[in-house]
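So the protein sequences, as listed, match chains A and B. With this note's numbering as the guide, the letters of the first sequence map in order to residues 1 to 235. With this note's numbering as the guide, the letters of the second sequence map in order to residues 1001 to 1306.
No lab work stands behind these hints, which were simulated from the structure alone. These numbers come from a predicted model, not from an experiment. Treat the hints loosely; a few may be bogus.
Unchecked claim - Sample of chain B residues facing chain A (criterion: CB under 7 Å; computed from the structure): (1) Leu-1038; (2) Arg-1039; (3) Asp-1043; (4) Val-1046; (5) Asn-1047; (6) Ile-1050; (7) Leu-1054; (8) Ala-1060; (9) Leu-1062; (10) Leu-1064; (11) Leu-1067; (12) Asp-1089; (13) Asp-1094; (14) Leu-1204; (15) Thr-1294.
Said to hold, decoys possible - Footprint (simulated), chain B over chain A, 3 or more residues, beta carbon under 8 Å: (16) 13-19; (17) 190-203.
Yeah, the Cβ is synthetic: ideal placement off N, Cα and C, and Gly gets one too.
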Amino acid sequence: MTTIEERERVYAYSDLPGLMSMMTGDEKHGPAATSTLDVLWVLYDRVLRVDPERPDDPGRDRFLLSKGHGPMAYYAVLAAKGFLPVDWLPGFGRYDSPLGHHPDRTLVPGAEIGSGSLGHGLPIAVGTALGLRAQGLAEPQVWALIGDAELDEGSNHEAIAFAGPAGLERLHTVVVDNASASHALPGGIAARFEAAGWSAVTVDGRDHEALYAAFTAPHPGRPHVVVARVEPKTA
Amino acid sequence: MDTMRDRFAPVVTRLLDEDPRVAVVLAEIGKDGFAEALRRHPDRVVNVGIREQLLVGVGAGLALTGLRPVVHTFASFLVERPFEQLKLDLGHQDAGAVLVSAAASFDWPAGGYTHMAPGDVALLDTLDGWTVHVPGHPDEAETLLRQAVAAGDDKVYVRLSVQSNTEARAVDGSRFRTVREGRSGVVVAVGPVLDAVLAGTEGLDVTVLYATTVRPFDTAALRRATETAGTDVVLVEPYLAGTSTAVVNDALSDVPHRVLGLGVARRELRRYGTVEEHVAAHGLDARSLRRRITDFVTGGTATQRA
C-alpha cells in the first residue's frame, strides 16, 4: 500500500541512489543502470510534460525508453515522480512484481512502451510522432532514449533515415553514449543523425545544465538528437 | 475479374474518408493505389520507404496514439521479415493493427521463393490474439477488410491473393459456411481453394465447410459437421500444409478422429512458371485433391483398388 504521506513526499535527485538500492539491495549499481540516471532525471524533472495523475492524457509528452536494459534508474525516477509506488521497488524482478529487468508498459504506470529487445523504441517513436500529428495534437513531444551500442540495430537506421527527411520536429532522441559499442559508428553518432537531416548536440551526460540546454534547444523543422556522453562502460 | 488487391486501396481509401482513426502505412509496395488518398489525407497515409521494421514500428506507434493502422506489403516482407516487430511492437505493446498482405504463397511464381510466404499463417500462430482472414474472392476480401478495420484495436491479418474462386460467398468474419453435406468425412476448404475442393469432391459423400476466417477457428462448426459426417477431417489450406492440424486436433480431442492436412509443401520447389503449375506441384488441383481426399476417407482402399 502507498500511504498519502508517501505519495505527497517530494523526492530529489539525491534520493535516487537510495531508491535504486531498494531494487539492487546494495549501494553499488551496474553501469548500464546508472548511465541513464542523469538524462532521465533532467527529462522527468524539467522537460517532459507528464503527470502521474493523468497518465493517459492525449496531450502528454511521450517518453519511450528503448534501451530497456538496466531499468533501475528508470523505475527510481518514475517512483520519485509519483508514477509508481516506492514500495514496489524492493520487489524488482520477482514473479509477482510489475517491475522486471526489462519494463512492460502494461505493468508499469507511466511506461509508454515495453522494451528489452534493442532497436524497437525509435521506430515506435516515429509512429507516435506521426500519430499525434495526424490527430492535430500539436503540443506533445516525443522522446526516445537509446544506447550507443543499441545503434548497432538496423531498425534504428530505418527510423533515423525516415524521420529527418519527414521533418518530424516533435521527435527527440537521446543517445546515452557510454562507448559500449564494439564497433563504434564510423564518423560518430551525431554525424550519423546530422547526415539524415537531424539537429544534433553532443553534451556531457552527467551535466544537468548542459543536458537541459541540449534538450530544450530549438530545432525548427527537424528532429533533434542529444548525444549524452558518460564514462565508458569498460572504465 | 479484378483481384482482391485491386479492391484493397479503393476500400481503404473510402475508410480513410469515413473514419478519422484510420491510417495507412506502406513500404513502397502498393503506394500507387493510395496516390489520391495521400492527397486527401497526407497525415494518415505514410510511406516509410523500403523499411519493413519501421513499417511495423510506425504502425504500432500510430496505434499507441489511438489510430487504427492498416499496414500493407507483400506477405514475405510483412510477416516474415519484421516478425519480431509483430511479436513485440504489436503483441507485447498490446497495440492493434490491421495487416494486409499480398502475394500469398505463390501469387508470383516467376518471382521465385523470395516472394513466396506459405508460412505466414503458421508464424502468426506462434503469437497470441491474432484474427486471420483468408478471403477466397475479391468481394469477400472487401467485406473482410471492412470488418478488420472496424474490429476495435484487434490484431487482424488479411491475406489477399490473386487466387480466387469464381463466385463469392456471404462471409461474416467469424464462422465457417457449410457448402455441401455428406456422411463420410469433413473437408475444410480455406479461402481460394474452395473451387478446387468442390470440383475434387464432386460425387463424394463428404461435408465441405468453407472457411474465410481461420483464426479464431470455428471449432463449433467443425464439431457440428462431425456429428453427421464423422470425425475424418481433411484440411485444405492455401498456405503451409498442416497449419491448422493442431487446432483441429484440439477441437476434437475428446473423440477419436483423424486429420489430413493438405496445403503448400514445406519443400522449396525452385520452380518459376504459373500459379496453376504451382497449385498442381503442391497437389492442390482438383484431380490431386480428389485422389488424396478419397484415399484418406476410404483408408486408402480406393487407390489400392484402382
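Now the hints, each set against the structure:
Contact between Leu-1038 of chain B and chain A, as hinted, is not supported at the beta carbon level, the nearest pair being about 13 Å apart and thus beyond 7 Å. The beta carbon of Arg-1039 of chain B comes no nearer than 15 Å to any beta carbon in chain A, farther than 7 Å, and the hint placing it at the interface is violated. Checking Asp-1043 of chain B against chain A by beta carbon gives a least distance of about 4 Å; that is within 7 Å, so the hint holds. Taken as an interface hint, Val-1046 of chain B checks out: its beta carbon lies about 6 Å from the nearest beta carbon of chain A, inside 7 Å.
Taken as an interface hint, Asn-1047 of chain B does not check out: its beta carbon lies about 10 Å from the nearest beta carbon of chain A, beyond 7 Å. A distance limit of 7 Å between C-beta atoms decides the matter here; for Ile-1050 of chain B the minimum to chain A is near 9 Å, and the interface restraint is violated. Because the beta carbon of Leu-1054 of chain B sits about 4 Å from the nearest beta carbon in chain A, less than 7 Å, this interface hint is met. Look at Ala-1060 of chain B: its Cβ gets to within about 5 Å of chain A, closer than 7 Å, so that hint holds up.
Interface restraint check: Leu-1062 of chain B against chain A, minimum CB-CB distance 4 Å, threshold 7 Å, status holds. The beta carbon of Leu-1064 of chain B comes within 6 Å of a beta carbon in chain A, closer than 7 Å, and the hint placing it at the interface holds. Because the smallest distance between the Cβ of Leu-1067 of chain B and any Cβ of chain A comes to about 5 Å, under 7 Å, the interface hint for this residue holds. Annotation: interface hint on Asp-1089 of chain B holds; nearest CB of chain A at approximately 6 Å, less than 7 Å.
The beta carbon of Asp-1094 of chain B is positioned within 7 Å of a beta carbon in chain A (closest approach about 5 Å), and the interface hint is therefore held. This hint is violated: Leu-1204 of chain B has a C-beta 49 Å from the nearest C-beta of chain A, more than the 7 Å allowed. A hinted interface residue such as Thr-1294 of chain B counts as satisfied when its beta carbon comes closer than 7 Å to some beta carbon of chain A; here the least separation is about 48 Å, so the hint is violated. Chain B is given as covering the region 13-19 of chain A, and this is violated because 0 residues of the stretch bring a CB closer than 8 Å to a CB of that chain, at least three being needed.
For the region 190-203 of chain A, the stated coverage by chain B is violated: 0 residues have a C-beta nearer than 8 Å to a C-beta of that chain, whereas at least 3 were required.
Going through the hint list in order, the structure does not satisfy hints 1, 2, 5, 6, 14, 15, 16 and 17.
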